[in-house]
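One-letter residues, chain by chain:
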Amino acid sequence: MPILVYAESDQGIFKKSTQELISYGRAMADQMNTEVIAAVTQDASSAQLGQYGAHKVLHLEHTSLGSFNAELVAEALCQAARVTQASVIVVSSSANSRYMAPLLAVSIEAGYVSNVVGLPTSYAPLTVAHNVFTNKASAHTALQSSNIVLGLSKNAYGVHSYETHAEISKHSPELTASSIEVTSIDKAANKVMIADAEVVVSAGRGLKGPENWGMIEELAELMGAATACSKPVSDLGWRPHSEHVGQTGKPVAANLYIAIGISGAIQHLAGINSSKVKVVINTDPEAPFFKAADYGIVGDAFEVVPDLIQKLKEFQAQNA
Amino acid sequence: MKILVCISHVPDTTSKINFNTDQTEFDTNGVQFVINPNDEFGLTRALWFKEKQGATVHVVNVGGAETEPTLRKALAIGADEAIRIDQPATDGYSVAQALAPVVKEGQYDLVIAGRESIDYNGGMVPGMLAKICGFGFVNTCIALEIDGNTATAVREIDGGKETLKTTLPLVIGGQKGLVEESDLRIPNMRGIMQARTKPLHVKTAEGPVAKSQTLRFEKPTPKQAVTLVDNADQLINLLHNEAKVI
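Those protein sequence lines, which keep their order, are chains A and B. Heads up: take any position in the first sequence, counting from 1, add 16, and you land on the numbering used here. Heads up: take any position in the second sequence, counting from 1, add 47, and you land on the numbering used here.
In case anyone wonders, no lab produced these hints; they're calculated from the structure. Among the hints, erroneous ones may be present.
20 angstroms max Cα-Cα, derived DMTMM-like pairs, lysine to aspartate or glutamate [unchecked claim]:
hint, chain 1, residue 1, chain 2, residue 2
1, B, K99, B, E128
2, A, K152, B, E128
3, A, K307, B, D277
4, A, K203, A, E233
5, B, K208, A, D46
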């Protein structure tokens, strides 16, 4: 009974979270003596998925799957599970996967655990560790159903390389019309998304005003990073709501989170603390954020950040 | 329009998270419980529909008697009636199964749930409830308008947002954006007085079965102290050579 992985793509490209998901599914499959199958619902050249461990790729083809619709993707995956006899389906923590997964779980009467942070610690019953209390603790949860859906936390497992030759096949699911119609999409082109970013450069009220954000954007661009902000900055309208990270904003699970002029309120920390490395730049040595940081500079952002930009340029030139 | 707002009873964000001796249960000693932040936005939006469009607003929670003060707070904020489904909230699936008969019996047109609760972060109850009831579902909903039987919702997606059109009955997984933070309603004296006499019905659940069970909890190893450096050169060196993130 194989493992099925929902391999998301965006305009034909498989994102890092998909590569990670396949590696994870492969490791599970190896432990269970079975195969991992990557289910693809959009047009993408999928032979490369063998590099991350996929034994097989199943292209689910239907005209309605051209753009994302949670109901239809859930139904397609439900049928894919039946056709492949998969009882374990692994999905990512993307907005689309989190939207779709509960619908899928009910369709196949599966227990669903999200925010999973590692491979199962036991297989009878299948038991996984997952983040709870907004990353302040973890829980070890056993699944008691025959079908299972797992949602993997971003950057929890990493991408692993294989030399597997993935066998590609197709299936056309039967889908009825959805009750939901997308009437418009508003997405910044060419901007690094917080959800995908390896590095996030974030700034807060210490920057004193929206006119000072030029250096933040410059630093982010230099690092290929997404820009983010604290809640007060978003409430004041200095930066768009879409940049607000924290408990009531977006979660950040980047490899590197740089917080500039942010004091570190608990609600902010709650949203960003599954980032691997946290750097804090703040003039106030008593700022609570320093307790949660890995590295820090106590200093004036208006001096430290331009200096950091300059030194980073030199560093990148040396390491080119 | 009949609206049901799902309210989770959760520890305040600033709470210290501790567990009992065998790590099987959250230690509630000294913990302040509140309405889940995402649910607050949904409740205020529901009350907007009540004022502008004459909707009735009920609130519901799945839990033991300890959750009633939180339901009373929602009544004090302005909901008309509260329902407590007397069952421990063991896992997302069983919570959704407990809610479904209440949704159907009450003939609600719109169910507003929070996208995720800050205690167990499952993020699954709204979607599961929608699927069990056969309702439409929009997650990460940051804006909602209802016109007759038509709903226009804005969903936050990775990297932006999309506008969706659908019909009632509908479940949404709501969050900040449904209303602005500054518009969140809080209980006033009159609301608190009225809440005491508004109905709070206790219903029994029909034995939903959990599909997962948490065996134990674990707290992370305490974090090491921050490494403070004096300048950018030192920082870049550590990020490259020690942390290996650049």
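Quick rundown of the hints versus the structure:
1. K99/B with E128/B: 19 angstroms, holds
2. K152/A with E128/B: Roughly 34 angstroms between the alpha carbons, so the hint for K152/A and E128/B is violated.
3. K307/A with D277/B: OK: K307/A and D277/B at ~17 angstroms, within 20 angstroms.
4. K203/A with E233/A: 18 angstroms, holds
5. K208/B with D46/A: Violated, because 38 angstroms separates the two Cα atoms, which is more than 20 angstroms.
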